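J.: Using the sequences provided together with the hints, build the complete structure.
Protein chains in written order, with this note's numbering: chain A, 7 to 501; chain B, 7 to 501.
Keep in mind that the hints were calculated from the coordinates and are not lab data. Among the hints, erroneous ones may be present.
[What the hints assert, rightly or not] Simulated DEER-style distance windows between Cβ atoms:
1. B/GLU78 x A/GLY49: 44 to 52 Å
2. A/ALA65 x B/ARG101: 20 to 28 Å
3. B/SER149 x A/ALA65: 43 to 51 Å
4. B/THR38 x A/ALA65: 29 to 37 Å
5. A/ARG345 x B/ALA123: 43 to 51 Å
[Stated by the list, open to error] To give an idea of the chain B side of the interface with chain A (calculated C-beta under 8 Å), a few residues:
6. GLU21
7. LEU25
8. LEU31
9. ASP35
10. PRO42
11. ALA54
12. TRP186
13. PRO189
14. GLY226
15. ARG229
16. ASP246
17. GLU369
18. ALA373
19. GLY377
Keep in mind the model is a prediction, meaning the values are calculated, not measured. Don't be surprised by glycine CBs; every beta carbon is placed ideally from N, CA and C.
Okay, here's what each chain looks like letter by letter:
2 protein chains.
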Amino acid sequence: MPETAWETLSRAMAEIRALSGASALLQWDQETYMPPKGSGARGDQLAAIQGAQHERLTAPPVAEALARAEAERTADPDRAAALRVLRFDHDRAARIPGDLVRAIAQAQAAGVDAWKAARDTGDFGRFAPALERLLALRREQASAYGAPAGGEPYDALLEGYEPGMRVARLEPLFARLVSWLVPLVEKVTARPPPDDAFLRGRFDPEQQWQFTLELLDAVGFDREAGRQDRSIHPFSLGLDPGDVRVTTRIFEDLPLSAIFSTLHEAGHGLYEQHLPAELRRSVLCAAPSMGLHESQSRLWENLVGRSLPFWRAFLPRLARRFPALEGVSPEVFFRAVNRVERSLVRVEADEVTYNLHIVLRFELELALLRGKLAVKDLPEAWDARSERLLGVRPAAARDGVLQDIHWAWGELGYFPTYTLGNLYAASLFAAARRGVPGLDDELGKGNLRPLLGWLAEHVHRIGRRKEAEDIVRDATGNGLGDRDFEAYLTEKYGA
Amino acid sequence: MPETAWETLSRAMAEIRALSGASALLQWDQETYMPPKGSGARGDQLAAIQGAQHERLTAPPVAEALARAEAERTADPDRAAALRVLRFDHDRAARIPGDLVRAIAQAQAAGVDAWKAARDTGDFGRFAPALERLLALRREQASAYGAPAGGEPYDALLEGYEPGMRVARLEPLFARLVSWLVPLVEKVTARPPPDDAFLRGRFDPEQQWQFTLELLDAVGFDREAGRQDRSIHPFSLGLDPGDVRVTTRIFEDLPLSAIFSTLHEAGHGLYEQHLPAELRRSVLCAAPSMGLHESQSRLWENLVGRSLPFWRAFLPRLARRFPALEGVSPEVFFRAVNRVERSLVRVEADEVTYNLHIVLRFELELALLRGKLAVKDLPEAWDARSERLLGVRPAAARDGVLQDIHWAWGELGYFPTYTLGNLYAASLFAAARRGVPGLDDELGKGNLRPLLGWLAEHVHRIGRRKEAEDIVRDATGNGLGDRDFEAYLTEKYGA
Numbered sequence: 007m008p009e010t011a012w013e014t015l016s017r018a019m020a021e022i023r024a025l026s027g028a029s030a031l032l033q034w035d036q037e038t039y040m041p042p043k044g045s046g047a048r049g050d051q052l053a054a055i056q057g058a059q060h061e062r063l064t065a066p067p068v069a070e071a072l073a074r075a076e077a078e079r080t081a082d083p084d085r086a087a088a089l090r091v092l093r094f095d096h097d098r099a100a101r102i103p104g105d106l107v108r109a110i111a112q113a114q115a116a117g118v119d120a121w122k123a124a125r126d127t128g129d130f131g132r133f134a135p136a137l138e139r140l141l142a143l144r145r146e147q148a149s150a151y152g153a154p155a156g157g158e159p160y161d162a163l164l165e166g167y168e169p170g171m172r173v174a175r176l177e178p179l180f181a182r183l184v185s186w187l188v189p190l191v192e193k194v195t196a197r198p199p200p201d202d203a204f205l206r207g208r209f210d211p212e213q214q215w216q217f218t219l220e221l222l223d224a225v226g227f228d229r230e231a232g233r234q235d236r237s238i239h240p241f242s243l244g245l246d247p248g249d250v251r252v253t254t255r256i257f258e259d260l261p262l263s264a265i266f267s268t269l270h271e272a273g274h275g276l277y278e279q280h281l282p283a284e285l286r287r288s289v290l291c292a293a294p295s296m297g298l299h300e301s302q303s304r305l306w307e308n309l310v311g312r313s314l315p316f317w318r319a320f321l322p323r324l325a326r327r328f329p330a331l332e333g334v335s336p337e338v339f340f341r342a343v344n345r346v347e348r349s350l351v352r353v354e355a356d357e358v359t360y361n362l363h364i365v366l367r368f369e370l371e372l373a374l375l376r377g378k379l380a381v382k383d384l385p386e387a388w389d390a391r392s393e394r395l396l397g398v399r400p401a402a403a404r405d406g407v408l409q410d411i412h413w414a415w416g417e418l419g420y421f422p423t424y425t426l427g428n429l430y431a432a433s434l435f436a437a438a439r440r441g442v443p444g445l446d447d448e449l450g451k452g453n454l455r456p457l458l459g460w461l462a463e464h465v466h467r468i469g470r471r472k473e474a475e476d477i478v479r480d481a482t483g484n485g486l487g488d489r490d491f492e493a494y495l496t497e498k499y500g501a
Numbered sequence: 007m008p009e010t011a012w013e014t015l016s017r018a019m020a021e022i023r024a025l026s027g028a029s030a031l032l033q034w035d036q037e038t039y040m041p042p043k044g045s046g047a048r049g050d051q052l053a054a055i056q057g058a059q060h061e062r063l064t065a066p067p068v069a070e071a072l073a074r075a076e077a078e079r080t081a082d083p084d085r086a087a088a089l090r091v092l093r094f095d096h097d098r099a100a101r102i103p104g105d106l107v108r109a110i111a112q113a114q115a116a117g118v119d120a121w122k123a124a125r126d127t128g129d130f131g132r133f134a135p136a137l138e139r140l141l142a143l144r145r146e147q148a149s150a151y152g153a154p155a156g157g158e159p160y161d162a163l164l165e166g167y168e169p170g171m172r173v174a175r176l177e178p179l180f181a182r183l184v185s186w187l188v189p190l191v192e193k194v195t196a197r198p199p200p201d202d203a204f205l206r207g208r209f210d211p212e213q214q215w216q217f218t219l220e221l222l223d224a225v226g227f228d229r230e231a232g233r234q235d236r237s238i239h240p241f242s243l244g245l246d247p248g249d250v251r252v253t254t255r256i257f258e259d260l261p262l263s264a265i266f267s268t269l270h271e272a273g274h275g276l277y278e279q280h281l282p283a284e285l286r287r288s289v290l291c292a293a294p295s296m297g298l299h300e301s302q303s304r305l306w307e308n309l310v311g312r313s314l315p316f317w318r319a320f321l322p323r324l325a326r327r328f329p330a331l332e333g334v335s336p337e338v339f340f341r342a343v344n345r346v347e348r349s350l351v352r353v354e355a356d357e358v359t360y361n362l363h364i365v366l367r368f369e370l371e372l373a374l375l376r377g378k379l380a381v382k383d384l385p386e387a388w389d390a391r392s393e394r395l396l397g398v399r400p401a402a403a404r405d406g407v408l409q410d411i412h413w414a415w416g417e418l419g420y421f422p423t424y425t426l427g428n429l430y431a432a433s434l435f436a437a438a439r440r441g442v443p444g445l446d447d448e449l450g451k452g453n454l455r456p457l458l459g460w461l462a463e464h465v466h467r468i469g470r471r472k473e474a475e476d477i478v479r480d481a482t483g484n485g486l487g488d489r490d491f492e493a494y495l496t497e498k499y500g501a
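T.: So, in structure tokens, the structure goes:
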């Protein structure tokens with residue numbers, strides 16, 4: 007009996023999912039256990055798997071089956087959703103010629119090398135030619151995709167991270183954000199900084215590690231369906247809802263680093279663990295956007311992990327491991343982990359200034375792609391915007407235009423998703439507090455399960471059945487916006 | 007410009023190698039770090055990668071390019087060797103229909119489940135139907151391959167592990183082995199057992215682990231191009247010459263277990279690290295047979311690791327970690343690690359009795375495949391042969407016919423390669439002693455580099471450019487045989 011169109015697609019989807027899980031493992035290993043001399047072969051391995059994935063998605067029999075399945079009527083909403091997602095993924099993959107994919111991969115490798123050399127020497131000129139090459143290739147890629155309805159080339163790239171999002175919505179949204187964030191930063195930084203002397207000193211790495219495991223268990227991360235390891239840059243990767251890897255990093259003299267890294271990555275990890283396991287072989291078993299994914303990490307890191315109720319519950323546990331903290335009150339600790347300052351480096355920024363770092367990057371990459379800014383003028387444009395938005399000017403390119411790896415990878419359109427994550431997080435957390443009576447009391451008792459249950463139901467278990475903003479709208483009553491975020495920051499820092 | 011046939015093949019080979027490296031990593035992770043709930047998806051991931059490998063090897067453009075490249079003349083011996091190997095691999099892969107591959111994979115999974123249930127209950131009957139199914143599928147597979155020239159169906163399976171080897175050569179060879187091994191066992195076991203009271207007690211696991219790392223460094227295993235981890239069953243896997251994983255296991259009350267596991271797997275690992283890196287994207291960057299691979303693990307485990315010179319050098323280092331061993335002389339320790347006894351379980355057997363365990367399995371699987379033995383009669387046949395060859399009769403199937411997992415995977419033709427490994431190891435070690443003046447003295451000083459250099463030159467760096475027996479013949483002056491092994495055991499245990 008010949009396969010039906012849907013059977014062909016189901017087989018292709020299962021293989022795509024399996025290959026993407028394999029690819030995730032290779033990346034995880036690369037950052038955790040791979041011996042140094044393994045890196046050459048690792049590039050080949052990842053490229054071979056990604057090539058096989060691309061083939062599964064774009065092979066003529068799959069394209070034909072997709073067209074046939076779309077022509078049939080289906081009463082199954084999951085099937086209809088899978089067809090929509092497959093069409094989206096297929097068309098994007100099919101529009102990019104193999105030569106361009108290879109050229110981008112090469113330019114990325116060259117970009118990272120050039121960026122490292124530039125960063126080490128502080129000489130942006132060593133990175134500029136590679137960035138120009140990447141920019142040209144991304145323009146070519148955007149043109150191959152074609153701008154989405156009502157959009158511009160940047161939108162075609164943005165679509166790869168945040169389907170459905172448009173520059174036309176981000177620009178006014180970000181302008182609004184700037185309009186109230188800048189005065190808020192002004193106000194908060196005018197006050198004397200909170201006391202955090204008790205965070206200076208040595209904090210035993212093994213005790214830090216054990217506390218992060220305690221946190222993973224407390225937030226409900228299932229360590230039978232995942233694990234935590236160490237890496238230089240913390241990250242999370244889901245191979246399958248049953249196999250989710252998170253990492254953290256531990257500095258003996260910076261105890262907050264491991265704690266907030268773990269909470270951040272646990273947020274991503276919880277999302278991956280609660281994706282719809284019944285659809286584990288379907289393209290629907292994934293998050294619909296980077297912004298929604300980031301909302302989960304930000305929610306656990308900031309809305310939960312930097313809240314007073316959380317530290318009412320967890321400071322005593324932390325102090326059991328570090329007796330130097332025994333005299334510190336939750337209120338004092340809470341203020342110390344919420345210190346706001348004008349700083350140069352995004353990854354160290356607090357939750358008030360963070361989005362200003364993102365606006366800066368968004369404006370610059372948009373100008374680059376629109377051809378309104380030349381690569382050679384990027385450092386000066388960076389520094390000027392940093393002064394305007396953050397009130398500080400980098401002394402060295404390493405702390406300025408060369409601080410992030412994203413552009414070295416040619417990632418244009420990615421940065422805005424961090425801010426979308428912050429906005430979605432605030433909206434979802436506000437809705438959870440409305441939806442779960444006594445949520446704050448439970449947090450204060452260290453019981454994080456009611457929150458997880460609400461998020462799993464309203465976000466995680468939906469997978470890619472809906473688009474990100476629709477998930478947020480159904481969960482909160484509103485689509486993308488900054489009202490909940492403004493209310494959250496104003497309540498927390500305004501007084 | 008269109009690709010040449012050789013370019014098409016080179017690209018296919020590079021992808022096959024890369025996918026096989028990826029597959030090795032998935033297997034490594036499965037036995038070391040994978041969380042328990044990851045196992046379902048892992049099966050899908052491995053199947054998807056193996057499917058992609060199969061496709062790369064058998065796709066019509068590759069088959070055509072292979073035929074075209076064969077028709078051209080080449081003066082490059084590496085290219086000629088790669089074409090020979092590709093032809094061998096391609097034909098074997100192309101002859102097996104996809105349905106049979108899937109049926110075997112399913113029967114293997116069912117086989118392992120049934121075997122575990124049978125072993126736990128001691129009831130062979132619970133395994134028999136699954137084994138019958140696997141046997142039928144392997145017969146079908148052998149028939150799809152076609153018996154090699156001058157061979158029988160068993161040879162078609164044997165060929166998958168030991169290309170070029172034939173039952174017609176193994177039968178007389180194994181008969182000769184039995185003819186002198188059985189009397190040797192008789193003679194050695196008639197003596198009182200050596201003193202090994204000092205091996206009883208508790209040996210700190212962390213100190214054991216550190217000693218195994220010391221051993222890895224001493225034998226020349228490059229830990230920048232590989233790593234050791236722990237697993238329940240020790241194994242080794244090469245992703246690339248720059249990325250080789252070995253594992254060991256540590257029992258607090260069995261200090262020899264970790265030591266000899268590490269030496270065994272290091273032998274495999276050294277082979278993988280010294281494969282021809284300049285051919286890392288070619289099918290030639292691999293060992294030509296399982297037997298030759300095993301020769302390297304046996305050589306380091308037994309010929310080196312169970313020798314007196316080795317313990318002259320390493321017992322003082324071991325005693326520094328375990329002061330209880332301080333009064334023990336190298337001679338006494340040497341005798342203790344070479345205790346010979348009639349035992350039931352292959353994986354615990356000493357080097358004298360070990361090959362009798364293999365002969366037993368070879369005879370039985372050959373009889374099964376020839377249709378001379380029914381699965382239901384296997385337990386009785388096992389016990390009778392055990393009595394004849396080893397002089398012991400299992401009290402329970404768990405220590406008899408159900409002890410190995412190999413048949414549960416339907417692996418028929420694999421066991422003989424263990425004995426080939428032992429024979430090749432003895433011949434190669436004898437040749438190394440002839441070829442490297444003062445080798446024993448260097449071993450006695452703990453300098454293992456001259457031996458590794460000889461093996462790398464004469465075995466490892468050849469890869470699949472030649473067949474296993476040709477490599478051994480070129481290195482030693484002789485092909486497969488038991489003379490060197492007999493001389494080694496007779497000298498060591500005869501007196």
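J.: All the hints need checking, so say for each whether the structure fits it.
T.: Going through the hints against the structure:
1. B/GLU78 x A/GLY49: 44 to 52 Å: violated (31 Å)
2. A/ALA65 x B/ARG101: 20 to 28 Å: With a Cβ separation near 24 Å, A/ALA65 and B/ARG101 satisfy 20 to 28 Å, so the hint holds.
3. B/SER149 x A/ALA65: 43 to 51 Å: violated (32 Å)
4. B/THR38 x A/ALA65: 29 to 37 Å: holds (34 Å)
5. A/ARG345 x B/ALA123: 43 to 51 Å: Violated - the Cβ-Cβ distance for A/ARG345 and B/ALA123, about 60 Å, lies outside 43 to 51 Å.
6. GLU21: holds (5 Å)
7. LEU25: holds (5 Å)
8. LEU31: holds (6 Å)
9. ASP35: With Cβ-Cβ at 6 Å, under 8 Å, it holds.
10. PRO42: With a closest approach of 5 Å, the B/PRO42 hint holds.
11. ALA54: holds (4 Å)
12. TRP186: violated (44 Å)
13. PRO189: violated (47 Å)
14. GLY226: This interface hint is violated because 14 Å lies over the 8 Å limit.
15. ARG229: holds (7 Å)
16. ASP246: holds (3 Å)
17. GLU369: Violated. Min distance 40 Å.
18. ALA373: At about 39 Å, which exceeds the 8 Å cut-off, the nearest Cβ of chain A leaves the hint on B/ALA373 violated.
19. GLY377: violated (34 Å)
Violated hints for the displayed structure, listed by number in ascending order: 1, 3, 5, 12, 13, 14, 17, 18 and 19.
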